[in-house]
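Generate coordinates for the entire structure from the input sequences, incorporating the hints supplied.
Residue numbers (this note's numbering), protein chains in the order written: chain A, 79 to 396; chain B, 277 to 557.
Read the hints as simulated data drawn from the structure, not as lab findings.
Keep in mind that a hint or two might mislead.
Partial list, computed: chain B residues near chain A (C-beta under 8 Å) [claimed, not checked]:
1. ASN332
2. ASP334
3. GLY335
4. HIS384
5. ALA404
6. PHE440
7. LYS532
Glycine is no exception: its CB is placed at the ideal position from the N, C-alpha and C atoms.
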Amino acid sequence: MKKYTYTEKKDTRSGFGAGLHEAGKRNENVVALCADLKGSLKMDDFANEFPDRYIQVGIAEANMIGMAAGLTIGGKIPFTGTFANFSTGRVYDQIRQSVAYSNKNVKICASHAGLTLGEDGATHQILEDIGLMKMLPGMTVINPCDYNQTKAATLAILDYEGPVYLRFGRPSVPIFTPADQDFQIGKAWMVNEGKDVTIIATGHMVWKAIEAGEELEKLGIDAEIINIHTIKPLDEEAILKSVQKTGCVVTAEEHNKFGGLGESVARLLSTQFPAPQEFVAVNDSFGESGTPDELMTKYGLDTINIVEAAQAVLKRKK
Amino acid sequence: MKHKIEELEDIASQVRRDIVRMVHGCQSGHPGGSLGCADFMTALYFEVMNHNTDFNMDGKGEDLFFLSNGHISPVFYSVLARSGYFDVAELATFRKLNSRLQGHPTTHEHLPGIRIASGSLGQGFSVAIGAALAKKLNKDSSLVYTLHGDGELQEGQNWEAIMFAPFNKVDNLISTIDYNGQQIDGPTEKVLSLDNLQAKFEAFGWHVITSDGNDMDNIVKALHYAKSLTGKGRPILNLMSTQMGYGVDYMVGSHKWHGTAPNDAQLESALGQISSKLSDY
Chain A
79 MKKYTYTEKK DTRSGFGAGL HEAGKRNENV VALCADLKGS LKMDDFANEF PDRYIQVGIA
139 EANMIGMAAG LTIGGKIPFT GTFANFSTGR VYDQIRQSVA YSNKNVKICA SHAGLTLGED
199 GATHQILEDI GLMKMLPGMT VINPCDYNQT KAATLAILDY EGPVYLRFGR PSVPIFTPAD
259 QDFQIGKAWM VNEGKDVTII ATGHMVWKAI EAGEELEKLG IDAEIINIHT IKPLDEEAIL
319 KSVQKTGCVV TAEEHNKFGG LGESVARLLS TQFPAPQEFV AVNDSFGESG TPDELMTKYG
379 LDTINIVEAA QAVLKRKK
Chain B
277 MKHKIEELED IASQVRRDIV RMVHGCQSGH PGGSLGCADF MTALYFEVMN HNTDFNMDGK
337 GEDLFFLSNG HISPVFYSVL ARSGYFDVAE LATFRKLNSR LQGHPTTHEH LPGIRIASGS
397 LGQGFSVAIG AALAKKLNKD SSLVYTLHGD GELQEGQNWE AIMFAPFNKV DNLISTIDYN
457 GQQIDGPTEK VLSLDNLQAK FEAFGWHVIT SDGNDMDNIV KALHYAKSLT GKGRPILNLM
517 STQMGYGVDY MVGSHKWHGT APNDAQLESA LGQISSKLSD Y
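Right under this line is the structure:
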């Protein structure tokens with residue numbers, strides 16, 4: 079097992095904030111829109127340096143998405159910022175018609191995704207957003223795993239023409255990817271090569287997959303770990319290549335088991351290379367109030383759950 | 277004036293023939309609101325707007341138009357074709373398989389003149405404000421025009437946008453409401469009253485003017501007056517009275533022709549009432 083260490087923890091939303099600030103410096107067409115959550119989305123640096131290109135929308139997310147679509151007409155590159163819940167479910171029809179169907183170059187940037195939003199509870203903890211967004215034709219869906227990867231992803235989508243959903247979160251998590259990484263949309267990152275079982279993880283679950291890989295190594299199991307940061311378009315080649323080698327797979331995501339990364343992997347494998355799969359995901363449930371760690375434990379999204387899923391799927395392997 | 281009022285009326289008359297023939301041709305679509313807005317759309321595209329029929333999505337340096345109530349696509353398509361965005365013969369493909377003239381306007385089929393999909397109601401103000409903000413950022417002094425149904429104002433997103441625009445001094449925007457008092461299920465006063473729309477827009481900070489959308493001279497003057505009000509810190513709202521189905525006697529003023537196609541005999545009757553000064557597609 080390749081050794082991963084970290085010296086610092088940071089929230090992925092701060093990676094977005096840093097990336098947005100850098101994007102604003104690199105391209106004068108970048109415009110940021112925010113629905114009364116500037117501090118939560120870490121948009122202060124951009125807003126302070128580029129006040130003319132920062133648009134405070136107020137608590138009006140539908141209007142924000144529509145205005146972002148309109149801003150592209152004239153060559154602007156709008157980045158919208160609010161919580162994942164209000165970036166997707168609340169404004170689904172606006173995204174569907176004015177952004178996706180109209181093929182507008184809007185970057186929908188969504189913080190506080192999943193259970194790790196914590197104490198605010200289920201009204202704010204969306205676990206359905208990946209499904210909602212990946213079903214829209216032409217929508218790119220990205221869920222990076224740490225501060226550095228989120229910053230790199232924010233800059234990568236600046237140079238990509240088309241609608242993007244970028245999902246990140248609130249809690250501080252280990253920084254274990256390189257600051258100078260070459261983030262390629264739609265390209266999986268091989269975290270660890272192994273031969274017994276493939277673990278495919280996205281977002282906050284990638285670090286837990288690494289911890290699970292270390293535990294499995296102690297049990298004599300050699301896990302291959304892949305970071306899928308781009309859920310759509312899916313890096314089918316990387317997934318197939320790995321599962322053809324290991325013969326079984328565990329998917330891990332901070333999302334409902336319905337509609338998430340796991341289902342995308344299952345669709346691919348069922349048509350190309352049927353193999354046993356276990357899902358580490360929320361079991362079709364809403365969340366609740368609690369600390370991020372308490373919630374990840376209660377809803378089965380911990381390191382131990384990945385270890386157990388790997389053991390279970392290995393038993394099903396022929 | 278680029279055209280005499282009589283010339284604009286002749287174009288609008290031809291647009292009305294296009295509308296009833298398109299809707300009859302596919303036995304679906306929305307003739308009522310289309311007919312009511314034929315004069316306004318003709319005035320806009322043939323007299324008021326500075327626009328380039330050699331279509332460019334970004335529209336830098338030219339006036340832009342956004343149709344929020346996308347179901348009146350027949351009048352939009354007819355005016356775009358008649359002003360030179362595409363061949364009028366293509367109007368015959370309206371709502372048919374593999375057509376660029378979808379039931380509701382879309383950029384998806386790359387029809388020249390369309391800059392956003394519309395049809396799901398209430399989104400036009402937001403899109404237009406975004407485009408108007410882009411013009412300001414680009415130091416582009418041209419204007420953004422919109423059209424909205426009155427019933428459409430029951431959608432909440434409108435009021436988010438209507439609140440945003442005056443506070444942010446979006447004063448390069450001229451929005452028009454097709455104030456015909458009708459929606460699918462009946463008169464707006466019975467379905468969900470809009471009450472005093474002028475007072476509502478004024479309370480939100482818009483400069484409101486009123487016009488008669490079925491009087492070409494009046495609507496041209498109103499739009500020129502609206503242009504003179506731009507650049508003064510406030511968005512402009514043209515509250516335009518129209519009659520749904522204007523120009524066809526059996527359709528006038530009735531919500532029943534919101535989304536109903538005429539049969540063969542009704543088409544003949546309608547065309548008998550609308551003179552053709554140009555030529556049918």
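Status of the PHE440 of chain B interface restraint (C-beta, 8 Å, chain A):
holds (6 Å)
Supplied contact hint for ASP334 of chain B, tested at 8 Å Cβ to chain A
With a closest approach of 5 Å, the ASP334 of chain B hint holds.
Hey, does the ALA404 of chain B contact hint survive, CB to chain A under 8 Å?
holds (6 Å)
When the nearest CB of chain A is found for GLY335 of chain B, is that gap smaller than 8 Å?
holds (6 Å)
Do the numbers back the hint for LYS532 of chain B, that is, is its least Cβ distance to chain A under 8 Å?
violated (27 Å)
Interface hint outcome for HIS384 of chain B [beta carbon to chain A under 8 Å]
holds (6 Å)
Interface hint status, ASN332 of chain B versus chain A (Cβ within 8 Å)
At about 10 Å, which exceeds the 8 Å cut-off, the nearest Cβ of chain A leaves the hint on ASN332 of chain B violated.
Checked against the numbered hints given earlier, the structure breaks hints 1 and 7 and satisfies all the rest.
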